[in-house]
Amino acid sequence: MRLELASFPVSEVAFGAATRLDGSRLEVSRHDMTQAVAHPAIDGVDLEVIHPGESVRITQISDVVEPRIKVSGSGQVFPGLLGPVEAVGAGRTNRLSGLAVLVCGEVPWLGASGLFVPRDNFLDTDARGAEFTPHGQTINLVLRLGFPAGHTHEEYQRAVVLAGVRAARTLAAVTLTVPDAPADVVMRDLADVRPELPRVLYAYQVQSQGVFMRTYLYGRSLDELLPTLVHPNELADGALVAGGLGGGAVKLTTWLHQNNPIVDGMYRRHASEWNFGGVILHRGHYYQYEDKQRVALQVARAAQLLRADGVIFSLGGGGNNITEVMLAIQACERLGIKTVLLAWEHAGPAGADYPLPFAVPEAVAIVSTGSMDEPVELPSMQRVAGAHAIRTRPEVGGLPLAVDGPLQLPSRYELFGDANPVGWQRTGCREY
Amino acid sequence: MSAELERRGLPTAMISALPPVALELGANRVVRGVKIPHPCGDPTLDAATDRLLRQRIVCAALDGLSRSISEPTMFEPG
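Chains F and R, in that order, give the protein sequences.
Numbered continuously in my numbering, the first sequence closes out at residue 432.
Numbered continuously in my numbering, the second sequence closes out at residue 78.
Bear in mind the hints are in silico, worked out from the structure with no lab data behind them.
Heads up, a few of these hints could be off.
[As the list claims (entries may be wrong)] Cβ-to-Cβ under 8 Å is the rule here; a few derived chain F residues that face chain R: (1) S221; (2) Y287; (3) Q288; (4) Y289; (5) T323; (6) Y354; (7) P357; (8) F358.
Quick caveat, the model's predicted, so the values are computed rather than measured.
For glycine and all other residues, C-beta sits at the position ideal for the given N, C-alpha and C.
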């Protein structure tokens, strides 16, 4: 199952009469984008382009998607959501590299409460805030959707998911007719292995528990997912799509599923330092301890049946999902399978509390992806793209937070990309 | 919170849907709850059965509070 991922870099985006690519300059038709996002639960879209180097605070993001389209091989990108359920991950796929589609907008709070509201967020494209997100370095095409009254959260959520993937594929379609060759083509194939090398799997946890935190695989919601196996090339072709409304720090976007840095890293040294054996996909946040135990034993069983020597774990979202992962680590280690975990720290503002709500003695190799709680100061950006105040504290009914000026945040929950679960950020730490 | 209260001499019992997590974090008396969104009962049951379940859970907590313990202990609703 060999995939050729062909990159057509975009260095400039401007709105124009048609959607087309001229060298690395992309012209986008507002009409094409408006058509792509059209849905009964949407009433209009504002479009905006933000280039790297600009200083912008983008608010109320629900998802980020990279434009991709399949040229050959079975199926089409975002299978099951756009078009039929057909296997993807082989053949050739084109991508518009350096470009990200951000699906934004103020999703109405319809009397839901606690964790189950669309959580507002923001990202900064410059200065300190840009350290936490890839999107200070991408050209960001912002689709700011309008949500008319009279619909349910499920309907808004459906509209948001489809808007992102439709816009992404519409944009990537420009590559089908350009005369230029792609700037580079990366081959991705797990088949070539060196038998003497250790076999390493990636246990990829995602979040899927209702409309505000949902993930799709081949177009099916993963709210009931028990661990399953996917080929990493399926991720590159958009088989895994983030579908939740809003979301704060530690959210996995579709862009991260498509550009997962752990997958990239494992491929980079495949058949040279290890054999990358595949991806165990699982979800956390199950409501009962017994379900977490079921997830753990199935992750370990999958690793064992695939003859893994080692498994890398990452987290999907924050909170009690650490329990599934820790139990899975314990189960793997007890089968003689070595583990490494990438995890956020949740140790309070001073970092002095327990960083993880749960741990097992077998978890001896943990890489921190940063703090969810550490206060952070962010300078003002030159402008705000989107609402100038975001809604925080849903548990008390919601409090507006003005984001026009400099920000002194007591924690990082609203900072999109903070403590990124798959390690995409440019922060580090210093030991004293 | 449980640790802080006990530090000031107040025994506590924690009803938790994730008892091993509660025990690991230092709760001394842990009662097995139902599920994370509703640890103290079960809204999928009919009202009468749910009420009995809630009583059993709370009584297990009260029973735990009245017992002298020497190590972190789990209490199952009867």
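Against the earlier hints, flag every one the structure doesn't satisfy and list their numbers going up.
Number 1 - this is the single hint that the structure violates.
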